[in-house]
Amino acid sequence: MNDLYEVFVRGKRGLNHVHVGSLHASDDEMALRNARDLYTRRNEGVSIWVVKASHITASSPDEKDPFFAPSADKVYRHPTFYDIPDDVPHM
Amino acid sequence: MTERSEGINKHSTSGHSSDEGGLMTAVAETDLARHFEHTIERDQRIEPRDWMPEAYRATMIRQIAQHAHSEIIGMQPEGDWITRAPSLRRKAILLAKVQDEAGHGLYLYSAAETLGVDRADLTTRLIERRQKYSSIFNYPTPAYADVGVIGWLVDGAAICNQVPLCRSSYGPYARAMIRICKEESFHQRQGYELLMTMMRGTDAQRAMVQDAVDRWWWPSLMMFGPPDQDSPNTARSMAWKVKRHTNDELRQRFVDMTVPQAEALGVTLPDPDLRWNPERGHHDFGPIDWDEFKRVLRGDGPCNAERIDRRRRAHEEGAWVREAAAAHAAKRRTP
Ligand SMILES: [Fe+2]
Ligand SMILES: [Fe+2]
Chain A
1 MNDLYEVFVR
11 GKRGLNHVHV
21 GSLHASDDEM
31 ALRNARDLYT
41 RRNEGVSIWV
51 VKASHITASS
61 PDEKDPFFAP
71 SADKVYRHPT
81 FYDIPDDVPH
91 M
Chain B
92 MTERSEGINK
102 HSTSGHSSDE
112 GGLMTAVAET
122 DLARHFEHTI
132 ERDQRIEPRD
142 WMPEAYRATM
152 IRQIAQHAHS
162 EIIGMQPEGD
172 WITRAPSLRR
182 KAILLAKVQD
192 EAGHGLYLYS
202 AAETLGVDRA
212 DLTTRLIERR
222 QKYSSIFNYP
232 TPAYADVGVI
242 GWLVDGAAIC
252 NQVPLCRSSY
262 GPYARAMIRI
272 CKEESFHQRQ
282 GYELLMTMMR
292 GTDAQRAMVQ
302 DAVDRWWWPS
312 LMMFGPPDQD
322 SPNTARSMAW
332 KVKRHTNDEL
342 RQRFVDMTVP
352 QAEALGVTLP
362 DPDLRWNPER
372 GHHDFGPIDW
382 DEFKRVLRGD
392 GPCNAERIDR
402 RRRAHEEGAW
412 VREAAAAHAA
422 KRRTP
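As they're listed, the protein sequences go chains A and B.
First residue of the first sequence? That's 1 in the working numbering, and the numbers climb one at a time after it.
First residue of the second sequence? That's 92 in the working numbering, and the numbers climb one at a time after it.
A couple of the hints might just be wrong.
[Said to hold, decoys possible] Negatives, chain B to chain A, calculated, CB over 10 Å: (1) Ala119; (2) Pro144; (3) Gln157; (4) Ile184; (5) Gly207; (6) Gln253; (7) Cys272; (8) Val350; (9) Asn368; (10) Cys394; (11) Asn395; (12) Glu408.
[To be verified] Heads up, simulated DSBU-like pairs for lysine-lysine below, C-alpha to C-alpha not over 35 Å straight-line: (13) B/Lys273 to A/Lys52; (14) A/Lys52 to B/Lys385; (15) B/Lys273 to B/Lys182.
Simulated from the structure, these hints should not be mistaken for laboratory data.
By construction, the Cβ of each residue, glycine as well, lies at the ideal position given by its N, Cα and C atoms.
Chain A on its own, in the form it takes in the complex (with noise of 0.2 Å):
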């Protein structure tokens, strides 16, 4: 039971996976089977992802300045970027 996991789990049907903690087993099938146990006894979700920890690269909350700084420069990426007149509708 030596490697540890992060466990996703999809709440219902349309919305994405989200990770809801970890847990330790000792193969991914393990891992499957103890998540449904742990983290789904009450319908909580339809789908699980079970992926081993040592496997994930991650940025670190503070790291937004640097890290994230490209996509806080390009504000033509949001729809409010665009002027268009009022009296045209649907959009």
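Dock chain B with the ligands against chain A, hints included.
Below, chain B with the ligands alone, put in the same frame as chain A:
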């Protein structure tokens, strides 16, 4: 050293990670501390890979581990009644409740691991009595009514303690508490319903409920911890927002909530000083035996040795399962 949960694999962009500690100047450390405090002031959550003061990390590890141990040890007093429950319905409910407590323990070990500890290590610390668990689980459950009273009073007190922890400043702990609180309400209600059923029964059944209430009432009040004047860490924990109310505030809230429930049930809470105080807008209640609390916490409660011994045996007797699972996984990896 263990992997940390929540994706600790390091991304290469800068950031403040502990392995840069050797290069970190005092100035940088002050900056980090200010950033940490600022995050808490704005009611934002601290997340696993954030810089945090070592004292905060140590406090959170201790708090979460103790909480996890309490859930795990807490399965024992009630677990004894699973094979003796009076009906299939009650057995199924109790089984589900005890399984939930196991789940709570695992959510919390998962949260503790995000702080860089390993859960196997935490189990060792529990078995070796180097870490504590809630004093309440060192009391015996000689009667079936104890199952109902535990659900009503012990889970009730736990709910009082845990609801504010859903806003704990440490993100993984707060999220675990949200899951746990959702499940606790079933625990309390099944206990109360069980007691209502017994109170509609025979005189002997009613006496059994009253006896259980008499035994569990004071230990339940002790679950909130020592009085505020003897709780030196409260101020710092409040400043860090890992604690949102003082022990005495939560205890008072629990008493006020429980008195009308006891009336509706038809039992007497064993405290001659318990009465409504219109000036305070709260119930006054009698003095708590803090010597008993300290004794039980020190290890001299009625069941301390038995609880730890059983946890140790379960761990040791389960070793072959862990070994077999590891061997099976290894065999499948080599084609
Ligand atoms: Fe629980
Ligand atoms: Fe519970």
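For this session: Please name the hints from earlier in the document that this structure breaks, with their numbers sorted from lowest to highest.
Result: 14
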